[in-house]
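As a plain string of letters, each chain reads:
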Amino acid sequence: MEITVSPEKKDTRSGFGQGLLELGASHPDVVALCADLTGSLKMNAFEKAYPERFFQVGIAEANMMGVAAGLATAGKIPFTGTFANFSTGRVYDQIRQSIAYSEKNVKICASHAGLTLGEDGATHQILEDIGMMKMLPNMTVVVPCDYNQTRLATLALAEHHGPAYLRFGRPSWPIFTPAESGFQIGKAQLIKSGKDVTIFATGHLVWKSYEAAKELAAQGIDAEVINIHTIKPLDIEAVLDSVSKTRCVVTAEEHQRNGGLGDSIAQVLALNSPLPMQMVAVNDSFGESGTPAQLMTKYGIDTADVVAAVVRVLKRKK
Amino acid sequence: MTSPMTTITDVNELKRIASQVRRDIVRMVHAVNSGHPGASLGCTDFFVTLYFNIMMHDAKHFKMDAKGEDAFFLSNGHISPVWYSTLAHSGYFPVAELNTFRKLNSRLQGHPATEEGLPGIRIASGSLGQGLSAACGMAEAKRLDKDESTVFVLHGDGELQEGQIWEAAMYAAHRKLDNIIATVDYNGRQIDGDVNDVMGLGDLKGKWAAFGWNVLEMDGHDIDAIIKTIEKAKAMRGSGKPTVILMRTEMGQGVDFMVGSHKWHGVAPNDEQLKTALLQLEETLGDYPEPKK
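Sequence lines, in order, name chains A and B.
For the first sequence, the working numbering puts the final residue at 318, and the numbers step up evenly by one.
For the second sequence, the working numbering puts the final residue at 293, and the numbers step up evenly by one.
Honestly, the hints are just simulated from the structure, not real lab data.
Even for Gly, the Cβ is constructed at its ideal location relative to N, Cα and C.
Treat the hints with caution; some may be incorrect.
[Claimed, not checked] Coverage of chain A stretches by chain B, computed from C-beta distances (three or more under 8 angstroms per stretch; other residues unrestricted): (1) 50 to 56; (2) 65 to 74; (3) 97 to 105.
Whole structure, please, built from the sequences with the hints as guidance.
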């Protein structure tokens with residue numbers, strides 16, 4: 001695909017807020033719940049436009065998940081909003097029993113995921129949420145890469161029946177995917193084609209991987225970059241198609257190595273086509289306070305880390 | 001509003017159904033040597049009265065979304081035997097299916113679940129403390145849809161030790177969900193002993209009242225009182241407050257060697273105990289058949 005980078009940057013959470021507002025008009029059954037973070041989640045516009053369909057639950061996330069499950073039982077399409085940490089680990093059992101096992105059509109929308117939350121520090125920088133959510137049967141896990149894609153993913157989830165986890169973040173980020181096309185739940189998105197190595201990336205790391213691919217091109221390395229915005233169900237066909245050409249793999253994500261995208265890709269490779277692989281991810285540690293840029297560098301999930309992983313994996317390639 | 005399939009107003013007839021439900025409960029848990037007879041027996045009169053007298057529901061055409069009909073949530077899912085038996089006798093599924101309880105490939109899971117598609121069940125429960133939140137969601141949806149029906153939810157008293165209950169209690173009052181009628185099975189017992197010894201609930205009536213709820217009390221073994229109290233609770237619609245009923249029951253009610261002891265919370269009777277129990281419970285509607293060997 002042709003990448004067009006927008007001159008402006010936006011946070012992915014604003015893409016969620018915009019998508020939710022549009023759903024308010026197009027889908028009368030869409031309702032929204034928030035646990036005292038309406039501004040942070042960019043849900044104010046929906047709240048203002050559809051006050052009777054907006055439920056402020058206060059700082060009580062466990063109850064929020066249950067209320068959402070009850071609304072879904074009655075045929076509504078609830079979108080819950082809070083930080084990723086409080087959307088998953090804090091309420092795991094509520095999600096497991098009342099939403100996933102009960103097959104409720106609840107959309108768990110989670111902002112401020114990962115290190116790029118920044119200065120708030122490790123209490124809020126969840127890096128385990130993808131793993132927790134992808135382990136749950138019945139759960140769809142979507143991690144869009146920019147503003148446009150987060151908006152499209154939000155719209156798509158209203159049409160997708162079943163429990164889903166939508167992960168996005170806080171920082172302003174480049175906008176480089178199409179505004180109105182190119183997103184389909186469960187379908188990997190080709191960002192740049194190449195023949196030497198495949199970089200599978202998700203979330204903010206898609207942009208970093210695209211930057212890395214440009215640097216690698218200057219070194220004569222032709223990297224393919226594929227955006228795995230849907231961690232589950234994983235587009236296995238797209239993964240195997242790409243690696244059949246490139247024969248080596250790098251994964252890149254703002255998440256723990258354990259339980260993340262890399263894990264999912266490694267499983268596909270091990271079962272189908274074992275190949276050299278490197279993972280760019282946080283390696284079994286908590287984050288800390290700092291700017292998003294500082295943290296990405298310190299914890300090894302920056303452009304340079306993707307480049308280094310590619311160089312390493314190419315050495316292992318037979 | 002949907003009419004109930006059968007509204008039984010004769011208290012003696014309700015008692016006869018309750019006797020059969022109690023027989024079913026002890027037979028079901030005996031057959032698989034597992035399950036929770038204690039509070040199932042304790043809540044039998046409540047379940048039978050709710051399903052055969054109080055609720056507006058259509059057992060033959062189960063609707064997950066409960067549009068236009070009353071909805072019931074069981075938050076303390078471990079008392080599934082009483083619910084399954086009541087649902088079956090109400091017509092949600094064949095009574096004969098009770099002999100699959102807790103067995104492989106059954107719709108009658110140990111704790112209630114939706115995954116196997118058992119009619120009458122709207123959400124899984126078992127991990128405690130979650131039912132009131134779901135009831136709040138259903139109540140919100142009914143209000144949005146201008147649906148005048150009622151949302152019922154049952155809790156164990158030990159279950160009230162879960163924090164989520166009080167999150168939901170605060171929510172229901174703040175949101176003025178006066179279409180919710182919660183009932184607490186106030187039997188004073190939990191697995192490890194008396195609730196007062198394990199983790200006392202203190203002034204339970206005062207706690208609910210302080211959270212902004214109407215609080216009623218009733219004897220959970222007096223069917224006439226159950227009918228009158230729930231009717232009173234329904235009449236509180238318009239008060240702007242949700243209503244909770246503290247229902248005094250005895251764990252193991254109806255079987256003399258089980259009554260009033262926490263020891264029968266989650267233990268099945270042996271062959272001899274089953275015989276003794278069944279002698280005390282009249283077979284009124286016919287026992288469900290034993291499974292074919």
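Cross-check of the supplied hints:
no.	hint	result
1	50 to 56	holds (count 3)
2	65 to 74	holds (count 10)
3	97 to 105	holds (count 6)
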